[in-house]
Every structure is written in structure tokens, then in C-alpha cells.
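Chemist: Chains as they are written, first to last, in my numbering: chain A, 1 to 327; chain B, 1 to 348.
Quick caveat, the hints were computed from the structure, so don't treat them as lab data. Treat the hints with caution; some may be incorrect.
Unchecked claim - Covered stretches of chain B (chain A as the covering partner; in silico rule of three or more C-beta atoms under 8 Å from a C-beta of chain A):
| hint | segment |
| --- | --- |
| 1 | 152 to 166 |
| 2 | 190 to 200 |
| 3 | 215 to 221 |
| 4 | 268 to 278 |
Quick caveat: nothing in here was measured; it's all calculated off a predicted structure. The C-beta atom is built at its ideal place from N, Cα and C for all residues, glycine as well.
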Amino acid sequence: MTLLLEARDVARSFSVSAGAFRPKRTLQAVNGIDLQLQAGEVLGIVGESGCGKSTLARMLLGLTPPSRGQILLEGQDISTLDRKALSRRIQPVFQDPYSSLNPRRSIVSIVMLPLEVHGLGTPAERRRKALEMLERVGLPARYAENTPGQLSGGQRQRVAIARALVMRPQIVVCDEPTSALDVSVQAQILNLLLELRRDFGLTYVFISHNLAVVEHIATRVAVMYLGRMVEEAATPVLFESPRHPYAQALLASVLTPEPGLGIPETGLGLAFPDPLNPPSGCAFHPRCAQARPECAHTPPAVRRDALGQVSCHLHPASASQQAGHEQ
Amino acid sequence: MSQDVAEPVLEVERLSVDIATPRGTLHAVRDLSFTVNRGETLCIVGESGCGKSMTSLAIMGLLPRAATRRVGALRLLGEDLAGASSRRVNALRGNRMAMIFQEPMTALNPAWTIGEQLTEVYRHHRKASAAQARDRAVELLAKVGIASASERLVQYPHQLSGGLRQRVMIAMALMCGPDLLIADEPSTALDVTIQAQILRLLADLQRDLGIAMVLITHDLGVVARIAHRVAVMYAGEGVEEGTAAQVFGAPRHPYTRGLLDCIPVPGRTARGALLGNIPGTVPSLIGDMQGCGFKARCAHASAQCAQPIELRHDDQGHRWRCVLEAPVDTLLPPGAQGAQGPSVGSSS
Chain A
1 MTLLLEARDV
11 ARSFSVSAGA
21 FRPKRTLQAV
31 NGIDLQLQAG
41 EVLGIVGESG
51 CGKSTLARML
61 LGLTPPSRGQ
71 ILLEGQDIST
81 LDRKALSRRI
91 QPVFQDPYSS
101 LNPRRSIVSI
111 VMLPLEVHGL
121 GTPAERRRKA
131 LEMLERVGLP
141 ARYAENTPGQ
151 LSGGQRQRVA
161 IARALVMRPQ
171 IVVCDEPTSA
181 LDVSVQAQIL
191 NLLLELRRDF
201 GLTYVFISHN
211 LAVVEHIATR
221 VAVMYLGRMV
231 EEAATPVLFE
241 SPRHPYAQAL
251 LASVLTPEPG
261 LGIPETGLGL
271 AFPDPLNPPS
281 GCAFHPRCAQ
291 ARPECAHTPP
301 AVRRDALGQV
311 SCHLHPASAS
321 QQAGHEQ
Chain B
1 MSQDVAEPVL
11 EVERLSVDIA
21 TPRGTLHAVR
31 DLSFTVNRGE
41 TLCIVGESGC
51 GKSMTSLAIM
61 GLLPRAATRR
71 VGALRLLGED
81 LAGASSRRVN
91 ALRGNRMAMI
101 FQEPMTALNP
111 AWTIGEQLTE
121 VYRHHRKASA
131 AQARDRAVEL
141 LAKVGIASAS
151 ERLVQYPHQL
161 SGGLRQRVMI
171 AMALMCGPDL
181 LIADEPSTAL
191 DVTIQAQILR
201 LLADLQRDLG
211 IAMVLITHDL
221 GVVARIAHRV
231 AVMYAGEGVE
241 EGTAAQVFGA
251 PRHPYTRGLL
261 DCIPVPGRTA
271 RGALLGNIPG
281 TVPSLIGDMQ
291 GCGFKARCAH
301 ASAQCAQPIE
311 LRHDDQGHRW
321 RCVLEAPVDT
331 LLPPGAQGAQ
341 GPSVGSSS
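This is chain A alone, in the form it adopts within the complex (with noise of 0.2 Å):
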């Protein structure tokens, strides 16, 4: 395994106005995550809304500077990258395939545009190109000439994936691919992905707030939590013992379609987490059933051990990973 991509303490934050006359206020949309991603790896991130997964999706793909922290590909800080060799290697495929595409343009220009932008190979090959491209995600030549308005949602998917393909890189970053689309057309695309994933050797980073959509195509997760990273492990781990309370939680509301089961107690409460305004201490705490007193005003540390990493203080980092943030 080779280390492909990497993530240092890297935080980010906005500031939002919270009205005419007041001061404009600070939202740490993500606050010093590290993670690494291995060549060949799929790395799911799951998280509820506002957790800060698709700002880290963006940071990754080097469309959001961090305000602190540094993203490596393969060593090198992508911020002294050019954005067009960035674009090379790192491409994004959104949740949303009926804005991410222009709709008055054809698919095969809208999967041409990449190659032409960087310059590559003359306009009948670029064009060849694109058609191949096409034609390996499940859209024939005769779709090429259509506008994205005359697809469905899971064809406007598959374009986009080839758009995000064209350029043969070496991850690819799905923000939520399949969110927007019906289940038996969720299935054909993570298909596709799984397929495309083995033909071209590719690493994906996939989000998702579908954690059966996650367990099945990632070899990690990372579940995020108001902008902190608080667990994180190879999913078979993740998925059979979960250490973090909201890990638990979280895998306890995936509701699979096995009926006898009924519904789960998430036994969170009603306290609804506020990005704006996180809580002190562990930012779980209000809705953790086992909180403790320190939970409240002690930041967890991180524990790295075999299993994967893990944030809280049912999970008490050793001394010396409590002292350093060394690795």
C-alpha cells in the first residue's frame, strides 16, 4: 500500500452573517481532521447534515483552501500544485447531477471539455475519447448528441462520472453520488463505480449519509461529527464494534429492509447539533447516553491503536499519543 493521499489537522471555517447589524460569526465547518488515504483504498466519510463532510470533500479536491493544516498528494502540499495538475489526479463526481452539468451543452462536449481545457490531443481524438468514455459507463453513441435536460438522473450520473473519468485520475471524490437518485438506479451506479474501480485502479473517497451504501463499497470509514473526525477504522471493524457512542448510534438507525425488527431506539434525545454554536467539551456530549462529567468540558484526545482511531473518553488515548500530536 502506498500512501496516495493525506490529510493533516486540517480545519476549516467560514464566517456567516447572523444579521444586519451583528457581528458576522464563526462556523468551524471542520476542525483538525487527519486522515490518510492508501492507493486502491475506497474511504467512506459518513455523517449527519452540517458535519462538515462535503467541505472536506471540497478541501480534498483543493476547490476550498484550509484555513489550517495541509492536504498532501503523494507528499507534495496541494496548495504549491498547479490547479490544472490537481485536476489531473484528483476529480469530484457531486450529488446533484442536474446542477453539476451545463445543460446546453452536449454530453460528449461536457465530457470533452476536461481534455480541451487541458489541451490534450486534437479535437477528434479528445472527441474519440469522450465517446469511449461514454460508452464504458452504459451510455451508447447515440446518447452523445443529448442534453443533460434529456437524460435521466441516473444517465446525467453516469456522464458525470465520465466526465470525472476522462482525464484517468487517480482519485476520484464522490460527494454523495447516489443520494438524489431512486434505489433500483442507486444499485446501477455503485455498480458502475465498483466496475470502474477495478478496470482503472482507481481510490475513491466516497461520502454519504447511507451507511449500507457506505459499508458495501468502502474498505474504510470515517464517521465525522460536527467537524471533528470521531472514529475511524476499516469497515469491517467499524461495522462490527463500533467504540464511539455516535458511531453506535449511527449504525444502530440504518433501517435494512428485514421487517420483524422495528425500529430502533437511537437513544440520542432531541438535542440537535448546532454548527454554529457546538457544544464544549466532547461536541456529542449533550446527545451521548454515556456521558461522563469530563465529557463536558474536555475535548476527547484521539486514539490511535491496530483498530483505527477513535475520539472519545469511553476510549482514553495512551499518554504519549495525549502528550504529542506526533505520528
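Since the structure of chain A is already known, use the hints to place chain B on it.
Modeler: What follows is chain B alone, placed relative to chain A:
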């Protein structure tokens, strides 16, 4: 699960909804029949465009102007709704039958406080005083799990989180103690942990109050956990109906089977293996449909599928609209696709 004497709250017979479009008549719902008894939750499940939301609007008498409803019979507690005056339907809506919508932010009026919106329905239908209505609102907000309810009454929808707003919607629907509650994707816009809380609340209220609930969703996971009975819709038709155990355990319609195979289930589906899928796309609902709407995508399709398909049933109340005699799982797997595939719900 079923009571000794089933008391039908909602009876729908041969419901059709047509929508006039520039390209012709779109048959959004075709010939749909079902009954919901007191104390029962019926889930209507299907993918976008299958007609499930149009069904709920047709029952409530809230169809858009371009849509027309044809129905053999539509009865609420034995009372005919199909021929009822709009005045009578207005008196029942919000009172004996209530509805919860998917997106509470758009269903609530942003310019009114929670309290004003909650009490309006009650005062209108029950001719109650402001104080009585307020007491009722506080009682219901407490029932849906909202603490310090009296303080919430003066808040506006934007001051609440999505989960709290949906609880307010539920409280509002229950203000007049309805016999029928229709919930259209009540948890879809919510985060997963909040979704579980809202569904649990709905299931508890449905059981405690003994109401009849119709829950409309695209999520088979939700259906499996909350439904007593399930109706699967495809292209405007009801293709299968039965108890949750029947539909998930021994589906009779190939579409139901296909839909179940599309869903990865932790612990059951092999990680990283290809999921089952349904090839092709939904047919156009404009114009006449000959025979089974699913035939073009069905691996088991034969010549008889082009003929009108009769509704079959067994003696356990399981109904399906398919020519196949045997449960889908007992048939040979069609083709290689999904050969190593998942076996969701095929335990029986």
C-alpha cells in the same frame, strides 16, 4: 398484528388519476385498490413517478388542477368521499383525516408562529376557544416529545431544527384526533438518526391512538420496520400487496424482488460484490399501457405479459399482479446477472 374485527377506516377501489399534459394524458395512477383498517399501518412504496404521492393527494382531495380522479369507491369510515361535496371534504380534512408532508419547512407557514398554526385547525373544526386550543397544542407537543412546549408555541418554524419541525407537523396532524393519517415521505428530508426517532414516534402514536396510517415512502428499509401491510407500486399500478412478512419474505412480483436486490444490507450482502439491479428504465406513463408495465424490464416476461394482467391472490391475503404462479424466489435465476448476488429477505 391484525385485530379480531377489522374495521376499515379507508377503502379505495379502482382509483385512477389522469393528468393532462401537452403530449397526451399521463396515467399517474391506474386502477389501484386497497383498504386500511383501524390500528393498521399500510406502506405504499415505489420509486419516483410510480404514483404514490398522487394516490395520497387523490384520497385527500388535494390533486392539482390538471389532474382528474376516477374512483370506483372511496370511503372514510364508511362515508362516501368520491361523491361528497367539497364542503364536506373540507370538514373532514384536517379533522377525521390528516396529512404529514415530506418537507416541514415548506409545509409550515414561515410567517406564523407554531402556536398559531397548531391551534388554527383545532379552532376551525372544533369551534374551540383560544385557551382550549392552546391547551390541546401544549398537550400534543408534549406527546410528540417536544420539551417546554408552551415556550415553543411562540416560536417561528425557522427557529426549529428539521427534526423538531417534523414533530410539529405530526402534532398538527393529530390535533383533531384523526382516524386516518397519511404521511408522505415523513422522514426522507431528515438525517438518519433523526429519521429513526421520527419513525419511532409515528409508530408509537399510531399504536397508542389506534389510528389507521398510510405511510408513503421510497425506502424499503422504512417499510420493513414500520408496515403492517405493504403495497408496492410500479408505473401507476399496484403490483403487489401483502403483510410485510409476505412481501419481503416471499415476494411474488419480479419488480419487488428486483427492488429488494438493489439494496445493500450490512451483514447480508457481500461487501464490494455487485448489487442486483433492474435493467432499463420506467416506461412512459403517457398513453395506454398494454399488459404489465414491468414487462420490458422483467427477466421472466413472456407473451402473456402483453395481455391485461389479473390480480392474483392467495388465501393469506397476499395479492399480486403478475402471471407467474410461483413465488419469484423459487424460479430459476434469470441469466447470470446478480448470480452471486444478495439474498435480501429470502430467508423463508
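Chemist: Taking 8 Å as the Cβ threshold, is the statement that the segment 190 to 200 of chain B is covered by chain A upheld or broken by the three-residue rule?
Modeler: holds (count 9)
Chemist: Holds or violated: the segment 268 to 278 of chain B covered by chain A, criterion of 3 or more residues with Cβ-Cβ distance under 8 Å?
Modeler: holds (count 9)
Chemist: Quick check: the segment 215 to 221 of chain B, covered by chain A? Criterion 3+ residues, Cβ under 8 Å.
Modeler: holds (count 4)
Chemist: Three residues or more, CB to CB closer than 8 Å: is that satisfied between the segment 152 to 166 of chain B and chain A?
Modeler: holds (count 3)
Of the numbered hints listed earlier, not one is contradicted by the structure.
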